[in-house]
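Asker: Sequence:
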Amino acid sequence: MSTSERVLFILESNKDNYTSGEEMAKQCSVSRNAVWKAIKDLREKGYNIEAVSNKGYRLADNNDIISVEGIKAELPDDFNKADIFVYNSLKSTSDKAKELAMAGAPHGTVIVAATQTGGRGRKDHSFFSPEGGLYMSIVLRPELLFSTDSKEVTSFTGRAVIDAIRELSGIEAYIGGINDLYVEGKKICGILLESGSEFDSNTLQWIVAGIGINFDSDISGFPEDVKERASSLFEAGKATITKNALIARIIEKILDCQPR
139 MSTSERVLFI
149 LESNKDNYTS
159 GEEMAKQCSV
169 SRNAVWKAIK
179 DLREKGYNIE
189 AVSNKGYRLA
199 DNNDIISVEG
209 IKAELPDDFN
219 KADIFVYNSL
229 KSTSDKAKEL
239 AMAGAPHGTV
249 IVAATQTGGR
259 GRKDHSFFSP
269 EGGLYMSIVL
279 RPELLFSTDS
289 KEVTSFTGRA
299 VIDAIRELSG
309 IEAYIGGIND
319 LYVEGKKICG
329 ILLESGSEFD
339 SNTLQWIVAG
349 IGINFDSDIS
359 GFPEDVKERA
369 SSLFEAGKAT
379 ITKNALIARI
389 IEKILDCQPR
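With the numbering used here applied, the sequence shown corresponds to residues 139 to 398, in that order.
Calculated from the structure, these hints are not laboratory results.
Please note that the accuracy of each hint is not assured.
Simulated crosslink set (DSS-like; lysine-lysine; CA at most 27 angstroms straight-line) [claimed, not checked]:
1. K193 / K153
2. K229 / K365
3. K325 / K365
4. K210 / K178
5. K325 / K391
6. K164 / K193
7. K153 / K391
8. K229 / K289
Label pairs and their calculated CB-CB ranges [what the hints assert, rightly or not]:
9. T378 / T286: 30 to 38 angstroms
10. S191 / Q343: 17 to 25 angstroms
11. K261 / K175: 43 to 51 angstroms
12. S264 / K178: 19 to 27 angstroms
13. K183 / F217: 50 to 58 angstroms
14. V190 / G315: 48 to 56 angstroms
15. S167 / G315: 32 to 40 angstroms
Since the model is a prediction, treat every value here as computed from it, not as a measurement.
Every residue gets a Cβ at the ideal spot worked out from N, C-alpha and C, and that includes glycine.
Full structure from sequences and hints, please.
Answerer: Shown next as C-alpha coordinates:
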(Lines of atoms letter the chains of each structure in order from A and count residues from 1; the text may use other names and numbers.)
(Lines give C-alpha, C1' and ligand atoms only; values in the text may rest on other atoms or scores of the structure.)
Protein backbone atom coordinates (compact mmCIF):
# COMPACT_ATOMS: atom_id res chain seq x y z
CA MET A 1 0.00 0.00 0.00
CA SER A 2 1.43 3.39 -1.00
CA THR A 3 1.69 6.33 1.40
CA SER A 4 -1.18 8.05 -0.45
CA GLU A 5 -3.35 4.96 0.00
CA ARG A 6 -2.51 4.71 3.70
CA VAL A 7 -3.24 8.42 4.22
CA LEU A 8 -6.54 8.06 2.36
CA PHE A 9 -7.54 5.12 4.56
CA ILE A 10 -6.80 7.20 7.68
CA LEU A 11 -8.87 10.10 6.35
CA GLU A 12 -11.75 7.82 5.30
CA SER A 13 -11.71 6.14 8.72
CA ASN A 14 -11.87 9.47 10.59
CA LYS A 15 -14.17 11.57 8.42
CA ASP A 16 -15.72 13.42 11.35
CA ASN A 17 -12.40 14.43 12.90
CA TYR A 18 -9.17 16.15 11.97
CA THR A 19 -6.00 14.06 12.00
CA SER A 20 -2.67 15.81 12.37
CA GLY A 21 0.14 15.34 9.90
CA GLU A 22 2.28 14.14 12.77
CA GLU A 23 -0.23 11.44 13.70
CA MET A 24 -0.56 10.29 10.09
CA ALA A 25 3.22 10.20 9.73
CA LYS A 26 3.40 8.04 12.85
CA GLN A 27 0.68 5.65 11.65
CA CYS A 28 2.25 5.36 8.19
CA SER A 29 5.85 5.19 9.48
CA VAL A 30 6.91 8.00 7.14
CA SER A 31 8.03 11.62 7.46
CA ARG A 32 5.60 14.54 7.71
CA ASN A 33 6.90 15.69 4.33
CA ALA A 34 5.82 12.34 2.86
CA VAL A 35 2.35 12.89 4.34
CA TRP A 36 2.21 16.38 2.81
CA LYS A 37 3.13 14.90 -0.60
CA ALA A 38 0.41 12.26 -0.18
CA ILE A 39 -2.17 14.95 0.64
CA LYS A 40 -1.08 16.88 -2.47
CA ASP A 41 -1.37 13.72 -4.58
CA LEU A 42 -4.88 12.99 -3.27
CA ARG A 43 -6.01 16.54 -3.96
CA GLU A 44 -4.75 16.23 -7.53
CA LYS A 45 -6.88 13.09 -7.85
CA GLY A 46 -10.00 15.06 -6.90
CA TYR A 47 -10.25 14.66 -3.13
CA ASN A 48 -11.36 17.76 -1.26
CA ILE A 49 -9.18 17.71 1.85
CA GLU A 50 -9.58 20.41 4.46
CA ALA A 51 -6.52 21.62 6.38
CA VAL A 52 -6.72 23.60 9.64
CA SER A 53 -3.69 24.85 11.58
CA ASN A 54 -3.10 23.01 14.86
CA LYS A 55 -5.82 20.48 13.95
CA GLY A 56 -4.71 18.68 10.83
CA TYR A 57 -6.56 17.26 7.86
CA ARG A 58 -9.99 15.82 7.15
CA LEU A 59 -12.04 14.87 4.11
CA ALA A 60 -14.65 17.50 3.28
CA ASP A 61 -18.25 16.33 3.41
CA ASN A 62 -18.71 16.53 -0.38
CA ASN A 63 -16.22 13.75 -1.18
CA ASP A 64 -17.74 10.68 -2.81
CA ILE A 65 -14.96 9.07 -4.79
CA ILE A 66 -15.05 5.28 -4.89
CA SER A 67 -11.81 3.75 -3.63
CA VAL A 68 -10.52 0.55 -2.07
CA GLU A 69 -9.53 2.54 1.02
CA GLY A 70 -12.93 4.21 1.26
CA ILE A 71 -14.73 0.87 1.04
CA LYS A 72 -12.46 -0.82 3.57
CA ALA A 73 -12.90 2.07 5.99
CA GLU A 74 -16.66 1.32 5.98
CA LEU A 75 -16.20 -2.39 6.71
CA PRO A 76 -15.78 -3.82 10.23
CA ASP A 77 -12.14 -3.88 11.35
CA ASP A 78 -12.13 -7.69 11.48
CA PHE A 79 -13.84 -8.19 8.10
CA ASN A 80 -11.36 -10.04 5.88
CA LYS A 81 -13.63 -11.83 3.43
CA ALA A 82 -13.24 -9.48 0.45
CA ASP A 83 -10.44 -8.81 -2.02
CA ILE A 84 -11.46 -5.47 -3.56
CA PHE A 85 -10.41 -3.89 -6.87
CA VAL A 86 -11.63 -0.44 -7.97
CA TYR A 87 -11.45 1.06 -11.47
CA ASN A 88 -12.45 4.43 -12.88
CA SER A 89 -13.98 2.68 -15.88
CA LEU A 90 -14.35 -0.85 -17.22
CA LYS A 91 -16.19 -2.35 -20.14
CA SER A 92 -18.00 -4.54 -17.61
CA THR A 93 -17.28 -5.36 -13.97
CA SER A 94 -18.75 -8.82 -14.55
CA ASP A 95 -16.43 -9.49 -17.50
CA LYS A 96 -13.46 -8.59 -15.28
CA ALA A 97 -14.80 -10.70 -12.41
CA LYS A 98 -15.32 -13.69 -14.74
CA GLU A 99 -11.78 -13.32 -16.05
CA LEU A 100 -10.44 -13.41 -12.49
CA ALA A 101 -12.77 -16.26 -11.48
CA MET A 102 -11.49 -18.41 -14.35
CA ALA A 103 -7.94 -17.61 -13.22
CA GLY A 104 -8.72 -18.90 -9.72
CA ALA A 105 -9.75 -15.74 -7.86
CA PRO A 106 -11.14 -16.61 -4.42
CA HIS A 107 -14.67 -16.31 -3.09
CA GLY A 108 -15.25 -12.66 -2.21
CA THR A 109 -13.22 -11.05 -5.00
CA VAL A 110 -15.01 -7.75 -5.67
CA ILE A 111 -14.70 -5.61 -8.81
CA VAL A 112 -16.05 -2.05 -8.67
CA ALA A 113 -16.13 0.64 -11.37
CA ALA A 114 -17.34 4.24 -11.45
CA THR A 115 -18.54 3.76 -15.05
CA GLN A 116 -18.97 0.94 -17.55
CA THR A 117 -18.68 1.23 -21.32
CA GLY A 118 -20.35 -2.11 -22.04
CA GLY A 119 -22.57 -2.91 -19.08
CA ARG A 120 -24.97 -5.81 -19.64
CA GLY A 121 -28.28 -6.99 -18.31
CA ARG A 122 -30.24 -10.21 -18.84
CA LYS A 123 -30.34 -11.65 -22.37
CA ASP A 124 -27.30 -9.50 -23.19
CA HIS A 125 -29.35 -6.30 -23.09
CA SER A 126 -27.31 -3.12 -22.68
CA PHE A 127 -27.14 -1.63 -19.16
CA PHE A 128 -26.49 2.12 -19.37
CA SER A 129 -23.69 2.82 -16.88
CA PRO A 130 -22.72 6.52 -16.68
CA GLU A 131 -21.13 8.51 -13.87
CA GLY A 132 -23.35 8.72 -10.82
CA GLY A 133 -23.93 4.99 -10.78
CA LEU A 134 -22.45 2.20 -8.71
CA TYR A 135 -21.31 -0.88 -10.60
CA MET A 136 -19.89 -3.95 -8.88
CA SER A 137 -19.47 -7.69 -9.36
CA ILE A 138 -18.59 -10.33 -6.77
CA VAL A 139 -16.96 -13.71 -7.40
CA LEU A 140 -18.75 -16.45 -5.45
CA ARG A 141 -17.57 -20.02 -5.04
CA PRO A 142 -20.38 -22.63 -4.89
CA GLU A 143 -18.96 -24.52 -1.90
CA LEU A 144 -19.28 -21.33 0.19
CA LEU A 145 -22.88 -20.53 -0.75
CA PHE A 146 -26.10 -21.59 0.95
CA SER A 147 -27.47 -22.56 -2.48
CA THR A 148 -26.37 -22.82 -6.11
CA ASP A 149 -29.86 -22.36 -7.51
CA SER A 150 -29.69 -19.28 -9.76
CA LYS A 151 -33.08 -17.93 -8.71
CA GLU A 152 -32.26 -18.31 -5.01
CA VAL A 153 -28.85 -16.63 -5.37
CA THR A 154 -30.35 -13.81 -7.46
CA SER A 155 -33.10 -13.29 -4.89
CA PHE A 156 -30.58 -13.37 -2.04
CA THR A 157 -28.38 -10.80 -3.81
CA GLY A 158 -31.39 -8.55 -4.38
CA ARG A 159 -32.40 -8.87 -0.75
CA ALA A 160 -28.85 -7.96 0.35
CA VAL A 161 -28.95 -4.78 -1.75
CA ILE A 162 -32.44 -3.88 -0.48
CA ASP A 163 -31.39 -4.35 3.15
CA ALA A 164 -28.19 -2.34 2.65
CA ILE A 165 -30.10 0.55 1.07
CA ARG A 166 -32.75 0.58 3.79
CA GLU A 167 -30.28 0.35 6.68
CA LEU A 168 -28.13 3.21 5.40
CA SER A 169 -30.70 5.55 3.86
CA GLY A 170 -34.16 4.51 5.05
CA ILE A 171 -35.26 4.15 1.41
CA GLU A 172 -37.47 1.14 0.75
CA ALA A 173 -36.65 -0.69 -2.48
CA TYR A 174 -38.34 -3.88 -3.66
CA ILE A 175 -37.76 -6.69 -6.14
CA GLY A 176 -39.64 -6.45 -9.44
CA GLY A 177 -39.48 -9.28 -11.96
CA ILE A 178 -36.53 -11.63 -11.57
CA ASN A 179 -33.55 -9.37 -11.23
CA ASP A 180 -34.53 -5.71 -10.92
CA LEU A 181 -35.01 -3.47 -7.88
CA TYR A 182 -37.49 -0.62 -7.84
CA VAL A 183 -38.27 2.45 -5.77
CA GLU A 184 -41.71 4.00 -6.16
CA GLY A 185 -42.41 2.08 -9.36
CA LYS A 186 -39.18 2.84 -11.20
CA LYS A 187 -36.06 0.73 -11.67
CA ILE A 188 -32.99 1.77 -9.69
CA CYS A 189 -30.94 -1.44 -9.83
CA GLY A 190 -30.29 -4.43 -12.04
CA ILE A 191 -28.75 -7.75 -10.99
CA LEU A 192 -27.09 -10.21 -13.37
CA LEU A 193 -25.96 -13.69 -12.35
CA GLU A 194 -23.45 -15.57 -14.51
CA SER A 195 -21.64 -18.85 -13.86
CA GLY A 196 -18.99 -21.19 -15.18
CA SER A 197 -18.59 -24.96 -15.02
CA GLU A 198 -15.75 -27.42 -15.48
CA PHE A 199 -15.98 -28.74 -19.05
CA ASP A 200 -15.40 -32.44 -18.41
CA SER A 201 -17.53 -32.91 -15.31
CA ASN A 202 -19.97 -30.03 -15.81
CA THR A 203 -19.33 -29.17 -12.14
CA LEU A 204 -20.19 -25.60 -11.20
CA GLN A 205 -16.94 -23.74 -10.47
CA TRP A 206 -17.92 -20.11 -9.93
CA ILE A 207 -20.77 -17.61 -9.89
CA VAL A 208 -20.44 -13.89 -10.58
CA ALA A 209 -23.12 -11.62 -9.13
CA GLY A 210 -23.23 -8.33 -11.01
CA ILE A 211 -24.99 -5.33 -9.44
CA GLY A 212 -25.67 -2.00 -11.13
CA ILE A 213 -27.31 0.80 -9.13
CA ASN A 214 -28.42 4.24 -10.29
CA PHE A 215 -27.02 5.94 -7.20
CA ASP A 216 -27.21 9.69 -7.77
CA SER A 217 -27.54 9.55 -11.54
CA ASP A 218 -28.82 12.32 -13.78
CA ILE A 219 -31.72 10.45 -15.36
CA SER A 220 -32.31 13.24 -17.89
CA GLY A 221 -29.13 12.07 -19.63
CA PHE A 222 -30.34 8.47 -20.02
CA PRO A 223 -31.43 7.11 -23.43
CA GLU A 224 -35.08 7.81 -24.24
CA ASP A 225 -36.07 4.13 -24.08
CA VAL A 226 -34.61 3.87 -20.57
CA LYS A 227 -35.39 7.13 -18.80
CA GLU A 228 -39.17 6.61 -18.73
CA ARG A 229 -38.90 3.52 -16.53
CA ALA A 230 -35.68 4.35 -14.65
CA SER A 231 -35.02 6.33 -11.52
CA SER A 232 -32.10 6.98 -9.20
CA LEU A 233 -31.67 6.18 -5.53
CA PHE A 234 -30.89 9.87 -4.95
CA GLU A 235 -31.20 12.97 -7.07
CA ALA A 236 -27.95 13.94 -8.74
CA GLY A 237 -25.67 15.57 -6.18
CA LYS A 238 -28.08 15.02 -3.28
CA ALA A 239 -27.03 11.66 -1.84
CA THR A 240 -27.26 11.34 1.93
CA ILE A 241 -24.84 8.40 2.04
CA THR A 242 -21.64 7.63 0.16
CA LYS A 243 -21.10 5.09 -2.58
CA ASN A 244 -18.28 3.56 -0.55
CA ALA A 245 -20.62 3.01 2.41
CA LEU A 246 -23.26 1.30 0.26
CA ILE A 247 -20.70 -0.88 -1.53
CA ALA A 248 -19.24 -1.95 1.82
CA ARG A 249 -22.64 -2.79 3.28
CA ILE A 250 -23.60 -4.84 0.21
CA ILE A 251 -20.30 -6.74 0.38
CA GLU A 252 -20.86 -7.43 4.06
CA LYS A 253 -24.45 -8.61 3.52
CA ILE A 254 -23.50 -10.99 0.71
CA LEU A 255 -20.26 -12.42 2.09
CA ASP A 256 -21.54 -12.85 5.64
CA CYS A 257 -23.95 -15.47 4.29
CA GLN A 258 -23.21 -18.80 5.99
CA PRO A 259 -22.08 -21.79 3.90
CA ARG A 260 -24.73 -24.42 3.35
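Asker: Any of the earlier hints contradicted here, and which numbers?
Answerer: As far as the earlier hints go, 10, 12, 13 and 15 are violated by this structure, in ascending order.
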